[in-house]
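Per numbering that gives the first Met the number 0, the very first residue in the sequence shown carries number 0; after that it's consecutive.
No lab work stands behind these hints, which were simulated from the structure alone.
Mixed in with the good hints there might be a few duds.
[As the list claims (entries may be wrong)] Computed spacing ranges between beta-carbons, pair by pair:
| hint | residue 1 | residue 2 | range |
| --- | --- | --- | --- |
| 1 | Gln37 | Glu324 | 49 to 55 Å |
| 2 | Gln37 | Ala322 | 56 to 62 Å |
| 3 | Pro321 | Thr407 | 28 to 34 Å |
| 4 | Asp298 | Met202 | 31 to 37 Å |
| 5 | Ala385 | Asp298 | 26 to 32 Å |
| 6 | Gln190 | Asp136 | 20 to 26 Å |
| 7 | Glu391 | Pro321 | 26 to 32 Å |
| 8 | Glu139 | Asp112 | 17 to 23 Å |
| 9 | Asp186 | Glu324 | 19 to 25 Å |
| 10 | Ser347 | Asp274 | 29 to 35 Å |
| 11 | Gln51 | Ala142 | 48 to 54 Å |
Even glycine gets a Cβ: it sits at the ideal position worked out from N, Cα and C.
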Amino acid sequence: MNERILIRGGRVIDPAQGIDGVMDVCIAEGRIAGVGHQPNGFTPDRVIEASQHVVCPGFIDICARLREPGFEHKATIAGESLAAAASGIVTVCMPPDTYPVIDTPAVVQLIHDKAALTGRLRIVPIGALTRGLKGQDLSEMNALRQAGCRAVGNAHAPVATTLVLRRALEYAASHDLLVVVRPEDPDLADQGCVHEGPVGTRMGLRGIPQAAETVAVAQVLALIEHTGARVHFAQLSSARAMRSITRAQEKGFPVTADVAAHQLHLTDTAIEGFDALCHVRPPLRGLLDRDSLREGVRDGVIRAICTDHQPHEPDAKLDAFPATEPGMASLQTLLPLSLKLVAEGVMSLSRAIAALTSGPAVIMRLEGGDLQVGARADVCVFDPSAKWTVNEQTWHSSGRNTPFWGTTLEGRVTYTLWAGRLVFSNPASVD
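Please work from the sequences and hints to get the whole structure.
So this is what it looks like as structure tokens:
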């Protein structure tokens, strides 16, 4: 049976409802039973003291690769679910580039079964836009929708032709499916591995120009106008692409966007010394791009901050820079990097939390992202001033591929509740 839990004396921030104040939160039968007051007859089985802590909806990560099925040598759903819980993340949207690809209801069910075994988080698979992600034949999108996919996409794999992309958007629109696009023109990207700029040129590394992203965004926007499809642009990296999306939103286009947390802090100077831990896709870009992306989150053009979590085994980062696998393990840095934006005066705490909760919930049309009475009790309690060092004792992901290893960060999750159950606590004892 679910416990009746009282979270007492925390600063409750629920951007979806405009709540920001010190108050109690009551949980019963896995649901929010009261915010700011205790229901009549409510007697808690457990009390969580949250003084000097923030209490907010559990985080929704709109893009994280948990590596299963197919890449269990890098990570597993069971292992990464603990890292997610320790990060305050209760829902993860998983891209379709698993093995086998998420292009059949059977694979969707397999992922749901794996998630259920962990009992720590909800996984929302993103179905493949094309069969096998090969970019040619359309997947059975309606069957994927019925199996539980809220969106479809082609991950990093290109679509063969503009005609295929048009047909895919039309098919998705006919079933009211969101299409997730990672905008990158493969010809302009030309197998590059870093941002095309002075740093990459000085290091002799092939660059990916901003135009690879902006051209892809422009192409999709033109097709949205023709098809009416809902499109989400994933992991933006450039200021120009963001400006195009801003104009599209002002015209009423059904488009949204997200950005990876590391893109809001790191720039292409981080690759100096050929640091493969900073080899990511899309690449880290210049300071102007970084600052423009920050403004996009602050202003709501970019509605979600994600981890773009990609755990790797150690060997994946040990080759020459261009030959290493892109991506960084980043579940546990999501909260402290978001709080750093607040500390630097980029945005308010409420806006940062909105980008981790209500923003992604609205984009994916998911239950969650708020603390409304009657809603599923997905709750994160964190200490915004707690300092911790990224090391073997504090890190839960199988992937150690983070440039923040050994760094002291500020902001740490103390408790995570998923559907009213305590799935993570630090410290382990609860008052």
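Hint by hint, work out which the structure violates, then give me just those numbers in ascending order. none
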